[in-house]
Amino acid sequence: MATLAAAVLLVALPAGGQVDLGTEEQRAAGKIVYDKYCGQCHGDTGDGNGYATPRVKPKPRDFTTGTYKFRTTPNGMLPTDDDLRRVIEIGAPYTSMPGWPNLTSAEIQNVIYYIKSFSPDFENPDRYGEPIEIPRPLESTEESIARGRVVYEEQGCAACHGEVGRGDGPSAPTLVNDKGDPIKVADLTQRWTYRGGATKEDIYRTFSTGLNGTPMPSYADSLEIEDRQHLVNYVYSLGDGDDPNYGTLITAVYSEEPIDLQDGETLDALFETAPMTRFPLVGQISEPGRNFFPSVTSIEAQAVYNRDEIAFRVRWHDLRADTSGRNNPSLEVPMWDEDNGIGDDGGDSDDFFGEFGGEEAPAEDDFFGDSGGDDFFGDGGDDFFGAADAGPPGAEFSDAVALQFPASLAPEGTPELKPYFLYGDSQNPVDLWFVNLTYGVADTFRGRGSESIEPTEADIVEAVTSYDQGQWTVTYKRRRSSRAGVSFAEQQYTPVAFSVWDGFNRERGNKRALSSWFYVYTEPSVQPATTFPIVRAAVIVLVLELLVVFLVRRRARRQAAGEEAAGGTLAATEAPAV
Amino acid sequence: MLGLNLPVVIVLAAVGGVLAWRRANTLTWLLYTWVALWAFFKYGFAVPIPQSVATIYLGITGLALVCFASSSRERLSETAQPIVRLILEPRYRLALAGLLVALPALAAYNVYADLNVPLEAPGFGREVHPPPPTEMTVHDETVDMATAENPYLHYNHDDPELYGEHLENGRRIYYENCFWCHGDGMGGDGMFAHGLNPVPSNFNDVGTLPILQSSFVHWRIAKGAPGLPGAGTPWDSMMPAWEKFLTTEEMWDVNLFIYDFNGYEPRALGQH
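Which chain is which? The protein sequence lines are C and R, in order. So the first sequence is numbered by this note's numbering: it starts at 1 and just counts up by one. So the second sequence is numbered by this note's numbering: it starts at 579 and just counts up by one.
Extracted from the complex, chain C is given alone in its bound form (with noise of 0.2 Å):
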């Protein structure tokens, strides 16, 4: 019935009113600002080709094409103004598309005009089509999201956003756009990253109108509205909080139990004790073998310490497992590895995603009409990709994670004293707890500088992994005192930084997603009680009050028995008028 009606409005429109290019002024004025904010990514021509372009991932829409992502229209469909507008006002979060606040109303409506222009479309009435309805959210009941994971299964969202949403779907790897580029599948769990938002309504029009150009269909037409608002539901349900609530600080809590790494379900009981921080990762950009594109944006930490050890777990979302190749901290990165994966300098899986592309794109329309996706990729999307004449991209390089502190503390008088964040200095070095999860083992480093990274075999680190459903688990043990490096004392704040390597994107050496200096805290084994010092203030706040108010007193009695004694009265020299 929906799609009867869609269908009969779609007939209905093609009204040539919907075509509003602007004027020939309104289009003009908008070349400036375009000129001046958005040329430089968008190139100058529009065709998504500025200066930035092979250094960004996604790369920049190109508007020759009138393909857009995010709209209200139906598949396929041009997007309309309001559309446009809401992306150049709010951006594409975690992506190098920025808001624009700062661009009036008419500013932006002028880039619209002329950001149409770069594209014959706009000027085809058939190309323009209703905007669909978005209706008001269901209850998220339990009902709800069941029925929404039904329709998630039967749908098989899971071959690509993977089966609790982290994006590790067995075809995650393989996605590219109509244009052969590669794209990330959305994680679920991390609602701040979604591109197009993260309202419920956002959600709803995503499934309903598809992402055009991608392998994100539009379920407009094989599900009911009401089971896209079960799904909906489902999908926020998988969400890991609408912000990140990115942290700055580790509380190591202490416990009596020794800490075993081979007693899983111990250690897991050890761990959901202490709280849960997550830190932002950006891209190494600073040394040779720089980083524009990291995989990773955030991974979460906790810690846990008890009489003479200390453990970290960390936690971070990766498509795919890459345990099979090779890494350091100190791997070489050649300077045309930097733009990597875009552009024509190279890399080897640039012929890869090419030559997928090109072959297999069309195939898709299949296995996501198909319920099996599972089925499909059930034995390994290595394996089957692996017959590709290129090999798996990444296949090269295994995915691996860093804790960094310092090698030793600031001295006294200069709390602010740190290493330099990139791996040390000459002067101040840091000791690097890496794991490459090809091998699962820590090895120390010691880093004196990008240049200068040796292996260091003073402290004994212990590490164990584990990969779940798009997540790496990895957890660190060292005794607290060290000779070599760092201890960790009661009550003391130690500088960490952390450092993730994602294969698959051919993160290796330099090329990593890093984070800044932030802090371990171990909190004191025996917390001190609280009330005494609530009390405290109370009754100290209370004995003067009740000082005052008699010292007042004693001396208005005096005052009276004196003034009584000679006659006067109180009202003389009581209360005046204020």
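Fair warning: there could be bad hints in the mix.
Computed from the model, here is a short list of chain C residues facing chain R with C-beta under 10 Å [to be verified]:
#, residue
1, ARG55
2, THR95
3, TRP100
4, ILE134
5, SER298
6, ARG483
7, SER515
8, VAL541
No wet-lab data here; the hints were simulated from the structure. We treat Cβ as the ideally placed atom computed from N, Cα and C, and that holds for glycine.
Could you slot chain R onto chain C? The hints should help.
Chain R in isolation, oriented as in the chain C frame:
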């Protein structure tokens, strides 16, 4: 404007106006002064000021108010009068009892709130524009920081076409290298900015580019974080030493471009 939270400031001023109109007594004025200052520090700024600074100001103000109140015998008794009446007169007995309970409760709550502030990483001050060296060497050339100027700036008047070429080259450099942190619109809000501490410079800010000589900007571009003195906490900053990646000409071009994009001019030589 001025980074103030205007509604709060207006409300505080309005309360002051009402007090003046009602000819409030000295005690009320003193209390108002202190509480209004507290509220101004806590809520009056768009960007919150450090708690420690507010505490110092409030402490000094409190002392000043006490000095004022006790500056003469008359003023002291005038100020204390309402308190004495509150304590002595039977009709205020209920109010006195309320106050006796309320103040300890407030103190207790304050301690409770202090104890429950979530732990934060220690913060340290850093100099945003630490003094540059007197000279530096970039690509084997010595640059005298006091006299160096952007060698292409004068084309602005002498040869606009050549100026345009340098600007365009600067634009290319900026969007190939800089916008990840400093932002497309140069607001210091690029896609990596949220993960950096210190945050990248905001070039839109009137307090940044216009107050700096172009040689200072050249120093920051060429030497980056590793070239900062200790007061600038070089160990925390992501700013690369661009001499590793760019030629001298490219660094001056991007210097030219960031000034031009924001409609600013470098501070002239010898101007302090």
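Regarding the hint that ILE134 of chain C lies at the interface with chain R, is the smallest CB-CB distance below 10 Å?
violated (28 Å)
Status of the hint placing ARG55 of chain C at chain R (closest C-beta pair under 10 Å)
Result: holds, 7 Å to nearest chain R Cβ.
Quick check on the hint: TRP100 of chain C CB to chain R CB, less than 10 Å?
Interface hint status for TRP100 of chain C: holds (7 Å vs cutoff 10 Å).
SER298 of chain C was flagged as interface toward chain R. Is the shortest Cβ-Cβ separation under 10 Å?
holds (9 Å)
Under the criterion of a CB-CB separation shorter than 10 Å, is THR95 of chain C in contact with chain R as hinted?
Holds, about 7 Å.
Minimum beta-carbon distance criterion (10 Å), VAL541 of chain C to chain R:
Holds, about 4 Å.
So, SER515 of chain C near chain R? Judge it on the closest CB pair being under 10 Å.
holds (6 Å)
Is the shortest C-beta separation between ARG483 of chain C and chain R less than 10 Å?
The hint is violated - ARG483 of chain C has no Cβ within 10 Å of chain R, the shortest such distance being about 24 Å.
Checked against the numbered hints above, the structure breaks hints 4 and 6 and satisfies the rest.
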